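Novice: Read off the chains here:
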Amino acid sequence: MSHIHLPDGVLPIWLWALGFVVVILIWMILFRLMKKEELTRRLPLLGMMAAVMVLGASVEIVPIAYHVNLTVISGILLGPSLIFLATFVVNVILALFGHGGITVIGLNTLMFAIEGALGYFLFHLFWRLFRRLSFAVFLATFLALAVSTFSMIGVVSLGTSHYEELIHQEKGKGIVGFEFGKEKEGHQKEGVPEKEVNLNRFMAIIVPLGFIGWVLEGIITALVARYIHRLRPDLLRLNEESR
Amino acid sequence: MIQLSYLDYLAVEGKSFLHRLSPKLKIIGMIFILFAIVTVRNLPGLFFLYVFLLCLYFMAKVPVRIFPLTLYPLIFAFLFIFLSGFQLFFILLIFLKVLCGSTGVVLLLATTPYPSIFSVLGRVLPSSFVMALFLTYRSVFILLNVLEDTQHALYLRGGVQWRHPWRSLTNISNAFGHLIIKGIDASEKMYESMLLRGFKGEIHYRRE
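Protein sequence lines, in the order shown, are assigned to chains F and D.
If you use our numbering, the first sequence corresponds to residues 1 to 243, in order.
If you use our numbering, the second sequence corresponds to residues 1 to 208, in order.
It is possible that some hints are incorrect.
Said to hold, decoys possible - Straight-line C-alpha distance at most 27 Å; calculated DSSO-like pairs for lysine-lysine:
1) K61(D) to K15(D)
2) K189(D) to K200(D)
3) K36(F) to K189(D)
4) K182(D) to K200(D)
5) K35(F) to K200(D)
6) K35(F) to K189(D)
7) K36(F) to K200(D)
8) K24(D) to K61(D)
9) K36(F) to K182(D)
What the hints assert, rightly or not - Label-pair restraints from in silico Cβ distances:
10) L30(F) to S193(D): 46 to 52 Å
11) L196(D) to E38(F): 16 to 22 Å
12) F52(D) to N198(F): 33 to 39 Å
13) F52(D) to L18(F): 28 to 34 Å
14) F31(F) to S22(D): 27 to 33 Å
15) L30(F) to L43(D): 39 to 45 Å
16) N239(F) to E192(D): 23 to 29 Å
17) H204(D) to V207(F): 44 to 50 Å
18) R163(D) to V22(F): 33 to 39 Å
19) L71(D) to I212(F): 19 to 25 Å
20) L74(D) to A204(F): 18 to 24 Å
Quick caveat, the hints were computed from the structure, so don't treat them as lab data.
Fair warning: this is a prediction, and the values are worked out from it, not measured in the lab.
C-beta atoms are modelled at their ideal positions from N, C-alpha and C, and glycine is treated no differently.
Could you put together the complete structure from these sequences and hints?
Specialist: Below is the structure:
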């Protein structure tokens with residue numbers, strides 16, 4: 001829910017291309033900052049956590065089209081830099097496995113990475129404040145998912161004029177959607193199209209469904225963290241912070 | 001996601017002309033399909049593309065059992081139509097774009113083994129990224145086995161009963177926790193065995 005389940009060709013080209021550019025830039029910066037040996041050593045773990053996220057995404061709650069992301073727990077276990085790399089891989093695999101949206105991989109990676117990295121920082125903040133694992137994880141997950149859902153809505157809203165164009169272009173346009181600036185201006189002067197795109201309606205559907213998802217994922221992530229803490233507390237590295 | 005192993009089996013065992021075609025050509029074909037999806041904005045054009053992909057699907061003898069996978073993204077496209085004010089043209093346009101994209105991708109995966117796709121990607125993308133993709137793909141298969149065993153154990157012991165939602169949710173979460181711990185243990189073993197086999201930060205793929 002917190003990432004864009006949009007098909008290819010719906011978002012304007014500049015928007016999804018920008019998504020790719022930003023992701024490539026972050027990827028390059030992370031590569032510069034991380035030691036090669038460290039990255040190589042942690043690649044199997046990154047692959048495994050990415051696989052966990054991919055499998056989590058296959059558990060679909062059909063009526064609300066929600067699937068568990070497990071990005072926050074992966075973020076807590078991997079850390080903010082590796083979670084970015086892992087989410088990129090997850091989005092490529094998900095796009096190849098029927099979720100669609102190859103062109104929005106860049107934007108989806110940003111949404112996922114926001115969720116994972118924010119979840120990591122919020123969890124550590126809440127843990128320091130409350131010292132209650134389940135509560136800290138639930139709150140961190142809930143807030144991280146809420147932020148990423150609203151950033152998704154923000155990204156979708158950036159393409160509003162493009163959707164208007166898609167809705168109104170049926171009235172006598174060619175097969176291929178390339179338009180030159182002057183022609184476009186002329187078209188708009190001839191008859192100003194009515195505003196059909198309604199972001200409020202979109203939000204009215206997404207936000208309540210998202211809310212159910214945030215709560216559900218928050219509970220599941222808190223329970224997963226509790227289970228891990230019971231069996232392998234070293235993975236959460238909480239003792240390092242207690243000192 | 002359980003379809004993953006079946007898709008892999010189809011890609012390796014299939015004998016159609018699409019299976020025999022070079023992975024590089026198929027990936028270039030997929031890029032052309034994506035280009036068409038992004039640029040074509042009229043219904044007949046997209047409908048023609050969809051029919052063409054369906055023809056390829058049946059000519060490649062991909063089983064009908066896999067076909068629902070191509071319809072899966074429609075669930076998400078359905079949510080998006082609320083943005084448009086229920087314009088029929090817009091809805092059909094989006095649905096056709098979704099179907100063309102998903103059918104193209106499923107066709108590519110059902111006729112091309114993953115290592116061949118990674119081998120082609122490895123020539124244009126950074127090696128560490130392709131390596132991460134490959135390790136994720138490998139890990140999905142390892143975890144699928146763990147997930148299936150855990151699912152069986154859960155169902156046999158009545159672990160998921162919707163009359164007891166909280167207990168079911170706890171058990172499902174514990175199953176995910178179990179999956180993560182097993183996954184992390186397996187990743188450590190995987191790294192050790194990679195080192196033993198002479199891994200020096202790069203995986204070499206067989207040429208086509």
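Novice: All hints are to be evaluated individually against the structure, with a verdict given for each.
Specialist: Okay, the hints, checked on the actual structure:
no.: 1; hint: K61(D) to K15(D); verdict: holds (9 Å)
no.: 2; hint: K189(D) to K200(D); verdict: holds (16 Å)
no.: 3; hint: K36(F) to K189(D); verdict: holds (20 Å)
no.: 4; hint: K182(D) to K200(D); verdict: holds (25 Å)
no.: 5; hint: K35(F) to K200(D); verdict: holds (14 Å)
no.: 6; hint: K35(F) to K189(D); verdict: holds (22 Å)
no.: 7; hint: K36(F) to K200(D); verdict: holds (11 Å)
no.: 8; hint: K24(D) to K61(D); verdict: holds (21 Å)
no.: 9; hint: K36(F) to K182(D); verdict: holds (26 Å)
no.: 10; hint: L30(F) to S193(D): 46 to 52 Å; verdict: violated (27 Å)
no.: 11; hint: L196(D) to E38(F): 16 to 22 Å; verdict: holds (20 Å)
no.: 12; hint: F52(D) to N198(F): 33 to 39 Å; verdict: holds (34 Å)
no.: 13; hint: F52(D) to L18(F): 28 to 34 Å; verdict: holds (31 Å)
no.: 14; hint: F31(F) to S22(D): 27 to 33 Å; verdict: holds (31 Å)
no.: 15; hint: L30(F) to L43(D): 39 to 45 Å; verdict: holds (43 Å)
no.: 16; hint: N239(F) to E192(D): 23 to 29 Å; verdict: holds (25 Å)
no.: 17; hint: H204(D) to V207(F): 44 to 50 Å; verdict: holds (48 Å)
no.: 18; hint: R163(D) to V22(F): 33 to 39 Å; verdict: violated (47 Å)
no.: 19; hint: L71(D) to I212(F): 19 to 25 Å; verdict: holds (24 Å)
no.: 20; hint: L74(D) to A204(F): 18 to 24 Å; verdict: holds (21 Å)
This entry does not satisfy hints 10 and 18, going by the numbered hints stated previously.
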